[in-house]
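Based on the sequences and whatever the hints tell you, model everything.
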Amino acid sequence: MQHPDENVSAGKLQSYYCDMHIHIGRTSSGQAVKISASNNLTFENIAVEASERKGIQMIGIIDCHSPSVQEDILQCLDSGVMQEIDGGGIAYRDTVILLGSEIEIRESGRGAAHVLAYFPDLGTMREFTGWMAGYMKNVQLSSQRIYVSPLELQQEITARGGLLIPAHVFTPHKGLYGSMADRMGEVFDLNGIAGIELGLSADSSMAGRISELDAYSFLTNSDAHSLGKIGREYNRIDMAKPSFSEFRQALQASNGRRISANYGLNPRLGKYHRTYCVGCDSILDEGSDVHDLVRCPYCGSTKLVQGVFDRILNIADRTEPVVPESRPAYHYQVPLEFIPGLGKSSMSKLLDAFGTEMNILHQATEAELASVAGQGLAASIVMVRNGTLPLSAGGGGSYGKVLR
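Under our numbering, the residue at position 371 of the sequence shown is numbered 371, and the numbers go up by one with no gaps.
A couple of the hints might just be wrong.
What the hints assert, rightly or not - No farther apart than 35 Å at their CA atoms in a straight line, the calculated lysine-lysine pairs in the DSBU-like style are these:
id	residue 1	residue 2
1	K303	K12
2	K34	K303
3	K303	K349
4	K401	K137
5	K12	K344
6	K137	K229
7	K137	K34
8	K401	K34
9	K12	K137
10	K137	K303
11	K344	K241
12	K34	K349
13	K344	K401
14	K303	K401
15	K229	K344
16	K12	K229
17	K229	K241
18	K401	K229
19	K241	K349
20	K241	K303
Honestly, the hints are just simulated from the structure, not real lab data.
Written as structure tokens, this is what we have:
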């Protein structure tokens with residue numbers, strides 16, 4: 001599982017590609033878990049896709065609180081297809097799965113937000129499910145509201161040795177900053193937060209306008225609702241091996257472990273990057289002053305959905321972003337599926353030649369890519385690596401577009 005071109009100076013640490021937010025659509029028996037996710041997103045199918053096609057070496061499956069999902073996990077373990085490992089996690093071939101849950105929180109007078117909770121083993125997750133079942137209308141489903149305070153939930157997670165990470169924190173749809181609070185400290189004990197998931201419409205520089213985030217490691221994850229979306233955003237994490245305990249240390253930047261790179265969409269491609277007018281279906285992408293608008297400049301409507309960038313400008317306590325020296329590089333990377341002209345046939349040829357999408361994105365030279373898919377697509381893939389493809393901004397729930 002070692003990334004062959006990475007040399008990490010601290011002991012025997014290596015670098016691994018990791019996507020820590022993947023949903024389950026259905027169980028193997030067909031029971032719904034994440035209603036909006038694809039039916040073929042089962043626990044085992046996710047593991048196969050991540051390991052054999054994507055080349056991602058650690059994943060977080062965040063609907064593992066569901067009792068029906070836990071039955072699937074037990075079947076995978078009992079059959080020998082997967083194995084629990086030392087340090088926490090479940091191994092499938094070259095990929096380790098961490099067990100997680102996405103939970104909706106709400107407080108009186110505030111909007112709702114989603115948080116991620118990870119636990120080291122199935123036994124702890126099942127115990128957590130038993131507790132949540134007393135405060136949740138349907139514990140079988142993904143991303144359900146829990147009827148306790150955010151602080152009580154935080155205490156239950158950390159008391160079980162779990163990790164609490166606010167999810168897609170800036171999005172207007174269930175993001176902590178986007179729809180719940182101006183400051184995370186208003187709803188959580190900041191000492192009990194393990195890390196921050198930025199979401200598809202934000203990057204490290206944008207988050208650097210909020211000083212309370214300086215202390216935390218940032219994650220860029222796919223929030224995949226289909227197999228193809230796994231790895232559209234991901235992280236490079238330096239660890240001794242993929243496991244829950246190593247992930248915890250990496251979030252803490254402890255003992256040489258760390259998040260060493262974030263690979264994410266350019267925020268302009270995100271579905272909620274700029275403010276959107278419901279009245280005339282316009283994305284307001286003309287300068288930084290859009291965050292002050294109360295009416296659409298095109299049609300006069302007040303039905304505006306504030307975008308991530310504009311929300312950050314509204315709540316920022318800095319006029320310019322501050323990115324700590326310890327913060328890893330944020331690499332703008334367009335998923336392969338966004339590249340115009342890269343269809344199923346070309347993708348199949350590239351996978352046959354290079355094995356996994358991670359190898360296509362990181363390992364193959366432009367000349368090697370061109371020999372398989374042609375010079376035009378090879379050049380586009382290299383531009384993806386360099387973050388230089390021209391883009392139009394997204395907003396209002398629609399992705400931005402690659403213009404080339």
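List in ascending order the numbers of the hints, as given earlier, that are violated by the structure.
Structure breaks hints 1, 3, 4, 5, 9 and 20.
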